[in-house]
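J.: Got chain A; can you put chain B on it based on the hints?
Number of protein chains: 2
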Amino acid sequence: MRIALAQNNYHTGNFSLNTEKMLASIAQAKAGEADLVVFAELAVCGYPPRDFLEFEHFLQLCETAVDRLATACVGIAAIVGVPVYNQLNQGKKLYNAAVLLEDGRVKQVVAKSLLPTYDVFDEYRYFEPAKSSRVLHFKGQKIALTICEDLWNIGQYTLYPHSPMDELILEKPDFIVNIAASPFSAHQQAERLYVLGENARKYQLPIVYVNHIGAQTELIFDGKSMVLGKDGASVVQLKKFEEDFAIVDMGALTTKTTALAPTHTMEDISAALTLGIQDYFGKLGFKKAILGLSGGIDSALVAVLAAQALGAENIHCLLMPSRYSSDHSIADSLALVKNIGVSYDILSIEKAFEAYETTLAEPFSGLAANITEENLQSRIRGMLLMAYTNKLGYILLNTSNKSELAVGYGTLYGDMCGGLSVIGDLYKTEVFALCRYINREKEIIPDNIITKPPSAELRPDQKDSDSLPDYELLDQILFRYIEERQAPVQIIEAGFAAEVVQKVMRLVNMNEYKRHQTPPILRVSIKAFGMGRRMPIVAKYLS
Amino acid sequence: MRIALAQNNYHTGNFSLNTEKMLASIAQAKAGEADLVVFAELAVCGYPPRDFLEFEHFLQLCETAVDRLATACVGIAAIVGVPVYNQLNQGKKLYNAAVLLEDGRVKQVVAKSLLPTYDVFDEYRYFEPAKSSRVLHFKGQKIALTICEDLWNIGQYTLYPHSPMDELILEKPDFIVNIAASPFSAHQQAERLYVLGENARKYQLPIVYVNHIGAQTELIFDGKSMVLGKDGASVVQLKKFEEDFAIVDMGALTTKTTALAPTHTMEDISAALTLGIQDYFGKLGFKKAILGLSGGIDSALVAVLAAQALGAENIHCLLMPSRYSSDHSIADSLALVKNIGVSYDILSIEKAFEAYETTLAEPFSGLAANITEENLQSRIRGMLLMAYTNKLGYILLNTSNKSELAVGYGTLYGDMCGGLSVIGDLYKTEVFALCRYINREKEIIPDNIITKPPSAELRPDQKDSDSLPDYELLDQILFRYIEERQAPVQIIEAGFAAEVVQKVMRLVNMNEYKRHQTPPILRVSIKAFGMGRRMPIVAKYLS
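As they're listed, the protein sequences go chains A and B. Just so we're aligned: the first sequence equals residues 0 to 542 in numbering that gives the first Met the number 0. Just so we're aligned: the second sequence equals residues 0 to 542 in numbering that gives the first Met the number 0.
In isolation and in its complexed conformation, chain A is listed as follows (with noise of 0.2 Å):
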């Protein structure tokens, strides 16, 4: 039997463009002779739907679309992810299932059995588990047709109590197909290879896996769909972060013996940045990003990666020095721009800092300086940016890092600003090592960038280090908290000092308010800031 894997870049909602997309793949995979194509989970309204699948309409949609799909499926079958409604009047009023397209109509219909619903994944607000599965049977084979989640509920601690494979091994299929919306995290794959291997050794059972690609708002799905032989070892490997489409012929899989290139973790990063910038504008119908340049290490690695996303000359970029700016600053960034070939404009926020100071000077008579006149400096900052998007169609980017969103280094309306939080799930220290992995063959980020001390410039002097642990300090903390959430003795038995955990504890909780205001944050972390952590903001845990 000849299997295509469809590996396409849908858009929620967009159910024009999928069923192109999804009729285009059809189309290919007759043209190739496959006997059946296989698309993503929930391919035909593109993941994650999240609260349209409340809308009786969107549901419509759903159906109409896979109606439009059948009648092409005629001298070819598919298998397509689409949510369904449970028949019964009991539980959640649909399944996130998949059906068989063969003769022109629906044939089968197979629903999910394992929800996820931790970190980003709401699967349980929608659906109902499936109570049985049973396989499917296709020219004369049967197949463990299976969605997602259905396959991981492996290991001795298992989230769920039954393993749809148990039950679907018993009817002795041929193989395992898993239809897949498993986004990118910088060790996503390791852990991805490992369960479908595990699955397949299981089993005995080669596994045919299709994964979405591209970004949904946060989520940057990496592709990367595969066939795997049973003995688990990988025989087809389709393209990370790209579109791509592959036949294989399940009767003559052999596995390759040459293991997959070890890839840079960096590398990943950047690729998954720049395609979630890129379909963050194409999907929302925009071509052109605006960004402040500060002369720091973070507008400098976001301006790089919005000109290998969007192209340098759709990036425009806003250099805005004050009484407090270094020279340097204006330097360095302009040595950037030049570097990446984007344009830019500089304009002094001295006249709008008077202004306020001016404005403001009675009511605030007597009172001495305090963080008010740093935040107005990065709210001015903030306002030219959202001036240039109101005036010529932007996206601002925000350059907030992982590293200041935690423990609220950063001014709400003004350096928080922006449509799209581009590396707000890098640590700083993840920001150097993705600069130094862009400057690995030549200087694309000055050196001066990278090497001078983090600071805001909001005040004479000013550093990061003034205010905050090193970074190479602080991060550790972090990553112990927010990725590993451990307790604040733990992390001073491991030798952290017990008063600097606390502070960075007590910052983090405190700070709730200003991450519930930040843009959406491109995840490529194991735990990012946004719909994957969920904090009450008004709470007294270890404040």
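Don't read these hints as lab results, they were simulated from the structure. The reader is advised that the hints may include incorrect statements.
Identical copies carry no separate label here, and so any pair may be met within one copy or between two of them.
Below, simulated PhoX-like cross-link-like pairs (lysine-lysine); rule was C-alpha separation at most 20 Å, straight line [what the hints assert, rightly or not]:
(1) K130 / K91
(2) K513 / K287
(3) K201 / K441
(4) K462 / K451
(5) K513 / K390
(6) K141 / K502
(7) K441 / K337
(8) K502 / K201
(9) K92 / K526
(10) K29 / K138
(11) K20 / K539
(12) K539 / K286
(13) K20 / K513
(14) K141 / K229
(15) K91 / K526
(16) K171 / K138
(17) K451 / K238
(18) K513 / K106
(19) K462 / K502
(20) K286 / K451
(21) K286 / K29
(22) K238 / K502
(23) K513 / K502
T.: Just chain B now, kept in the frame of chain A:
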């Protein structure tokens, strides 16, 4: 058997405060010769604890608190809501549970079976559902202990495949206890009475119902704990929007023949929003609020609610006229501040506006005035307000209403600034209704503010109706789309112009990016923007 109902205002993660309150209730119950005191769902840690439940240390603090409460339970028993570990090696790690504390220790544990995972609820994100249910044995009586949703699986279309009461009733319990975390919304009380009444009548058992009171960020709990007779009629009803305590003798329940006085919806909404402000400030350790008064109805209403909540002496208003401000905008605002007794400053935004015009003159030369200049004015006001918060320790109250949030008729980083959105879950027509309610006895909000046509006053002679349908019309379309999730064709068939319907729905969808960055919104409706409505930003549906 004498049972005490302890209706307390908890603070998420504030274990010392919560435990002290519960110890005081135990002492009060003991003094009142109660046999058993009942606390609300997850009282120990506050509801909702959200992702704090993923922190082992947080759970240890829950256990420590229970140990402390248990020590006090000698000569009296308590039912205490708390997360407990699932001891099996499969499933979610926790149960949403209640423990019976007696003789100084945990005597029995009951876990919640039905886990709401919809709207604002995420319980299956954290908890394993109980597979079976057993009654509590206490002083020779059998108690069917249920946790909130456990009683809500009624009606023709049930969300869950079983109801724990159907299993518990087989043990012939003497009465039902339901501990809840049931947030307020305008029509919640009617549904709650219906659900509890149905259960009482179906199982022919009295019900002791204990709910939270108090606001946790956007969720407002209204209390209204109660005891119902087996006929479903209310016997005892605790206060709404206040802490309360009562002891009932279960052997001598007499149905009150007098029905509860019917409540004006706006009375409840006013009380809910007042409590929402109070707890947001109090639990964060703040006292003073600032807001911008535009002369319009939204900011006037927020000023009144803030003064109700925090005291007029803690409210400061900024009046920030521009070249486009009408004469009446200042006069009306001054009349309001005089009526309610709050302090104010008048700050012209002209200087700052001119500074931006000068700064942007060159890059924007030759470009026509557009939304940019309107947004600049709104953002200058936001910056001045934020400067006050930074300099003087206020929290800024946001004054956006639900209609404008829905269609994006507001400026990000301008009038959308703030720490808390007070009326973001009230449609404009509800804002008018609440103002009329507030003025029911005397003119608190100057009549001219209520009767003049709404305007943002960001350009000459601007009216909201230049850009938007009349609010009477707009709000009906919005309610059908947002609360009722109707399809375009349904709304059009109900008699609304197709062009208007399509424009409104498109505006709602394309402004998800703005709502992503709003402050938390006090929830008073069945579908508020925020944690209970999760939509993709990058989507194409209907737009």
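J.: Give the relationship of K201 and K441 under a CA distance limit of 20 Å: within one copy only, between copies only, both, or neither.
T.: Neither: 47 Å inside a chain and 77 Å across chains, both beyond 20 Å.
J.: How would you classify K141 and K502 at a CA-CA limit of 20 Å: within, between, both, or neither?
T.: Cα proximity of K141 and K502: none, with 59 Å in one copy and 49 Å across.
J.: My question is about K238 and K502: at a cut-off of 20 Å on alpha-carbon distance, are they close within one copy, between copies, both, or neither?
T.: Cα proximity of K238 and K502: none, with 44 Å in one copy and 40 Å across.
J.: Within a copy, between copies, both or neither: where do K29 and K138 come within 20 Å Cα-Cα?
T.: So K29 and K138 pass the 20 Å test inside one copy only (16 Å; across, 74 Å).
J.: How would you classify K462 and K451 at a CA-CA limit of 20 Å: within, between, both, or neither?
T.: within (10 Å within a copy, 51 Å between copies)
J.: Since the copies are identical, ignore which copy is meant and state whether K20 and K539 lie within 20 Å (CA to CA) inside a copy, between copies, both or neither.
T.: For K20 and K539, the Cα distance is within 20 Å only across copies (15 Å; inside one copy 50 Å).
J.: Using 20 Å as the alpha-carbon threshold, which applies to K286 and K451: within, between, both, or neither?
T.: Neither way: K286 and K451 sit 33 Å apart in one copy and 41 Å across, limit 20 Å.
J.: With 20 Å as the alpha-carbon cut-off, assign the pair K513 and K106 to within, between, both or neither.
T.: So K513 and K106 fail the 20 Å test inside a copy (50 Å) and across (43 Å) alike.
J.: For K20 and K513, with the copy left unspecified, which applies at a CA distance of at most 20 Å: within, between, both, or neither?
T.: neither (40 Å within a copy, 30 Å between copies)
J.: Is it within, between, both, or neither for K539 and K286, if the alpha carbons may be no more than 20 Å apart?
T.: between (43 Å within a copy, 17 Å between copies)
J.: Treating 20 Å as the Cα threshold, decide for K513 and K390: within, between, both or neither.
T.: Answer is between; shortest inter-copy Cα gap is 18 Å, intra-copy 27 Å.
J.: One pair to classify: K91 and K526, alpha carbons no more than 20 Å apart. Within, between, both, or neither?
T.: between (28 Å within a copy, 18 Å between copies)
In terms of the numbered hints stated before, the structure departs from hints 3, 6, 8, 13, 17, 18, 20, 21 and 22, listed from lowest to highest.
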